[in-house]
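Engineer: Residue numbers (the numbering used here), protein chains in the order written: chain V, 1 to 426; chain W, 1001 to 1167; chain S, 2001 to 2136.
Keep in mind the hints are simulated off the structure, nothing from the lab.
Just so it is clear, CB atoms sit at the ideal spot from N, CA and C, and this is done for glycine as well.
Honestly, I wouldn't trust all of these hints.
[What the hints assert, rightly or not] Derived SDA-like pairs (lysine to any residue); straight-line CA-CA distance at most 20 Å:
(1) Lys1104(W) with Val2103(S)
(2) Lys309(V) with Leu2048(S)
(3) Lys309(V) with Gly2079(S)
(4) Lys282(V) with Gly2029(S)
(5) Lys341(V) with Gln358(V)
(6) Lys282(V) with Leu2048(S)
(7) Lys282(V) with Gly2079(S)
(8) Lys225(V) with Ala345(V)
(9) Lys309(V) with Gln2012(S)
(10) Lys309(V) with Pro2078(S)
(11) Lys309(V) with Thr2015(S)
(12) Lys282(V) with Thr2015(S)
(13) Lys247(V) with Ala345(V)
(14) Lys312(V) with Ala2049(S)
(15) Lys1145(W) with Arg1054(W)
(16) Lys1030(W) with Thr1067(W)
(17) Lys282(V) with Ile2082(S)
(18) Lys312(V) with Gly2051(S)
(19) Lys309(V) with Ser2050(S)
(20) Lys1104(W) with Lys1145(W)
(21) Lys1104(W) with Ile2082(S)
(22) Lys282(V) with Arg2026(S)
(23) Lys247(V) with Val2103(S)
(24) Lys309(V) with Asp2069(S)
(25) Lys282(V) with Ala2049(S)
(26) Lys312(V) with Asp2069(S)
(27) Lys282(V) with Gly2014(S)
(28) Lys282(V) with Ser2050(S)
[Stated by the list, open to error] Some chain S residues close to chain W (C-beta under 7 Å, calculated; not the full set):
(29) Leu2044
(30) Gln2083
(31) Leu2093
(32) Gly2094
(33) Leu2101
(34) Pro2108
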Amino acid sequence: MPESKTASAKAKRPASRAQSRSQSGAQRGAQRARAGAGLAQITAALRALSEGRYDTRLDPSKFGDAALRGLATEVNAAAERSHADLADAAARVDAVTQGVDEAIEAMVRLVVKGDLTGELRLGISDAALTPLVAGVGQVMETLKSFVHEIREAALQLSTSSAEVLAAATQNETSTTQQASAIHETTATMEELKGASHQIAENAQMVASIAEQTLASGRQGEGSIKSFMESMEKVRKNAVEVDDAISKLSRRVERIGTVVEVIDEIADRSDLLALNAALEGAKAGEAGRGFSIVAAEMRRLAENVMESTKEIKNLITEIREATHAAKQASDGNKRMAGEGEKLGSAAMGSVTGILSGIQETSDAARVIHLATQQQRTATEQVVQSMSEIEEVTRQAQAGSRQATGAAAELAKLAERLASLIQRFRVE
Amino acid sequence: MAGPEEPQFSEFTERTPAKPPAEAWYFCLKLLGGRYGFDAPLVTEVVRLGLLTRLPAAPLFLPGVFTHRGEVLAVLDINQLMGQQGVPIRPDTRAAIIHCGQWKVAVIAEAVEGLVAIPTRTLQPPPAENAGVAEFLSAVGNDGKSTIAILDLPRVVEAARARSVPA
Amino acid sequence: MSEPTSEILTFQVGTRIYATEVYDVRRIGHGTEAGLTHVSRSCLGQPLASGRGLVVTGTDEMEQALDVDRVLGIQSVPGSSIQPLPAFAAQCLGSAAVVGLVVLDESPTPLIDIPTLIREQLEISAAPREKRIPDA
């Protein structure tokens, strides 16, 4: 502001300087001397003015030189003018300062109270302040729209984050549920795998046992068949033996009958001879011859009886032998019959067993295959379940993260909303 | 033990001492679980029984008869006479042939001891309380080892007869 | 032959062998002969089978038979082989039918008086129980 003054002041100076040159030299000299002193006063006064001592005045009357008087008056006028300008400027500065203070106050109000509703009204209407007012107004407008937008965004954000949180929470819940369900399933599948492994093993064992039993059973079948055949033979043989025994018995009986007769006769002879001997003995000497004959007879009879005794013994032996043979053969027949019965029973059993075993074997093999397949399937399922579990776990982790993030987001939105709340725009 | 030692015994029978000797000889047998003796001169011989022939209707203490030197002898089992377990009869069972008057009996014993000398001063009448056996003891003595009961054959026979069932 | 002999009939009852002098035996019959009194069981024992009967004439002139298993034979024996029972035995036996011993093959065989035996047995059978003689 003093710039213009200084400029105008500067514009005057060169004129005064020219003036001073155009005077005579002599006079100049004297004048120079008087002027010099007067210049020096003026210079000092200018210097004082330039130093800001705007109350510096010259007394023009003191100057003899008309030019210098004019200069001094000018200087005084300049000083006056400067002084007044300065006062003006100072007054303007004060006004602007006041206006700025008010603007600042309004801004502070804006910030502290968030009151964007009012306009900036300055008590001092200084043109210099207009841009400031306009500027501040613009700022406030921009702020207002900004706050609007933020408020909207914050609301939306709040809503969205709430939704996200809800969804995330739900997701977390469902993924947790899913995870535990999957875990359970996996556990079950593991058990199933284990069980099916067991079954497979057992089935394998059953199958191999069945195979062995089948082989033995077939062997048994063969043995039974040959046993039955031998039983048949025994029975036939026994029948033949029976016939032979019967024939033999009949013959022996016939012999026995004959022998009995002989025996009877011999016995009678013996008795006769004994009695003859007895009589002979009683007769003493006289009966001696008689006794001798009787004795002979006795001996004969005894021989016969010995022979018949032998034959009878033989017959008894034969009878016993045939009886034993018959019994044995009967026994054999019975045994063979029973054997055949047992054999066919056993055969039936074996056949039953064989078919049973065959079924068992087949069944075992089927089970084995099935369990093999099942095992593969189960393994696959388990594998899949593991994968699912992994994914679910990750999802869980993710959803947990999401939930956390959503929660965070919601919190932030809330904070933002509460912040924005402080700004009144309506 | 004592085989057919007849000469020795005949010595005994011939020697009839005037005054009672300090000791007397007895033939000792083991019967009824104890030591029993017969007057030594009465004992003819000790034999092995051999095969016995049983007699019909004979009491238990008369297990049978056997021939010895052509003579038929009856066998007496004093154990059975006393109702005790009989002496087991085997072909090698020993019997002492006791001859006293009309009685000639082959007495079988559990064991045959042989001749023992009993000091006469130890000879005492048989104790009264030994029921059963006492009735045919003539005395009891001690040969220094233990008591020996002296049997009286006629009394034994009498006891035997009494215990047979009369015909 | 100066030495006196005796005619001896030997017979078997059960497992035991006995002898008798022939004179008492009227005849030898079948064990199961009818029409006469049979004595089977006696102090001699009991025959296993009635093979023969030693027939004697009883006091009432009726025939009686002692049933025996078999008659072994009739033989002459020297008189010296027949001996009386030892005194001790004689007085201890429960039957009067054992009259002596005959030494056959160095083995003394009881000599039986058959009529006496039969009589004794019939008396015993008729008498009350206590009087029965125990068998040999």
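Engineer: Now, for every hint given, state plainly whether the structure supports it.
Structural biologist: Hint by hint, here is what the structure shows:
{"no.": "1", "hint": "Lys1104(W) with Val2103(S)", "in the structure": "holds (19 Å)"}
{"no.": "2", "hint": "Lys309(V) with Leu2048(S)", "in the structure": "holds (17 Å)"}
{"no.": "3", "hint": "Lys309(V) with Gly2079(S)", "in the structure": "violated (35 Å)"}
{"no.": "4", "hint": "Lys282(V) with Gly2029(S)", "in the structure": "holds (17 Å)"}
{"no.": "5", "hint": "Lys341(V) with Gln358(V)", "in the structure": "violated (25 Å)"}
{"no.": "6", "hint": "Lys282(V) with Leu2048(S)", "in the structure": "violated (29 Å)"}
{"no.": "7", "hint": "Lys282(V) with Gly2079(S)", "in the structure": "holds (16 Å)"}
{"no.": "8", "hint": "Lys225(V) with Ala345(V)", "in the structure": "holds (12 Å)"}
{"no.": "9", "hint": "Lys309(V) with Gln2012(S)", "in the structure": "holds (18 Å)"}
{"no.": "10", "hint": "Lys309(V) with Pro2078(S)", "in the structure": "violated (33 Å)"}
{"no.": "11", "hint": "Lys309(V) with Thr2015(S)", "in the structure": "holds (19 Å)"}
{"no.": "12", "hint": "Lys282(V) with Thr2015(S)", "in the structure": "violated (27 Å)"}
{"no.": "13", "hint": "Lys247(V) with Ala345(V)", "in the structure": "violated (35 Å)"}
{"no.": "14", "hint": "Lys312(V) with Ala2049(S)", "in the structure": "holds (17 Å)"}
{"no.": "15", "hint": "Lys1145(W) with Arg1054(W)", "in the structure": "violated (38 Å)"}
{"no.": "16", "hint": "Lys1030(W) with Thr1067(W)", "in the structure": "violated (24 Å)"}
{"no.": "17", "hint": "Lys282(V) with Ile2082(S)", "in the structure": "holds (18 Å)"}
{"no.": "18", "hint": "Lys312(V) with Gly2051(S)", "in the structure": "holds (17 Å)"}
{"no.": "19", "hint": "Lys309(V) with Ser2050(S)", "in the structure": "holds (17 Å)"}
{"no.": "20", "hint": "Lys1104(W) with Lys1145(W)", "in the structure": "violated (30 Å)"}
{"no.": "21", "hint": "Lys1104(W) with Ile2082(S)", "in the structure": "holds (18 Å)"}
{"no.": "22", "hint": "Lys282(V) with Arg2026(S)", "in the structure": "holds (10 Å)"}
{"no.": "23", "hint": "Lys247(V) with Val2103(S)", "in the structure": "violated (53 Å)"}
{"no.": "24", "hint": "Lys309(V) with Asp2069(S)", "in the structure": "holds (15 Å)"}
{"no.": "25", "hint": "Lys282(V) with Ala2049(S)", "in the structure": "violated (28 Å)"}
{"no.": "26", "hint": "Lys312(V) with Asp2069(S)", "in the structure": "holds (18 Å)"}
{"no.": "27", "hint": "Lys282(V) with Gly2014(S)", "in the structure": "violated (27 Å)"}
{"no.": "28", "hint": "Lys282(V) with Ser2050(S)", "in the structure": "violated (25 Å)"}
{"no.": "29", "hint": "Leu2044", "in the structure": "holds (5 Å)"}
{"no.": "30", "hint": "Gln2083", "in the structure": "holds (5 Å)"}
{"no.": "31", "hint": "Leu2093", "in the structure": "holds (5 Å)"}
{"no.": "32", "hint": "Gly2094", "in the structure": "holds (4 Å)"}
{"no.": "33", "hint": "Leu2101", "in the structure": "holds (5 Å)"}
{"no.": "34", "hint": "Pro2108", "in the structure": "holds (5 Å)"}
The structure shown violates the earlier hints numbered 3, 5, 6, 10, 12, 13, 15, 16, 20, 23, 25, 27, 28.
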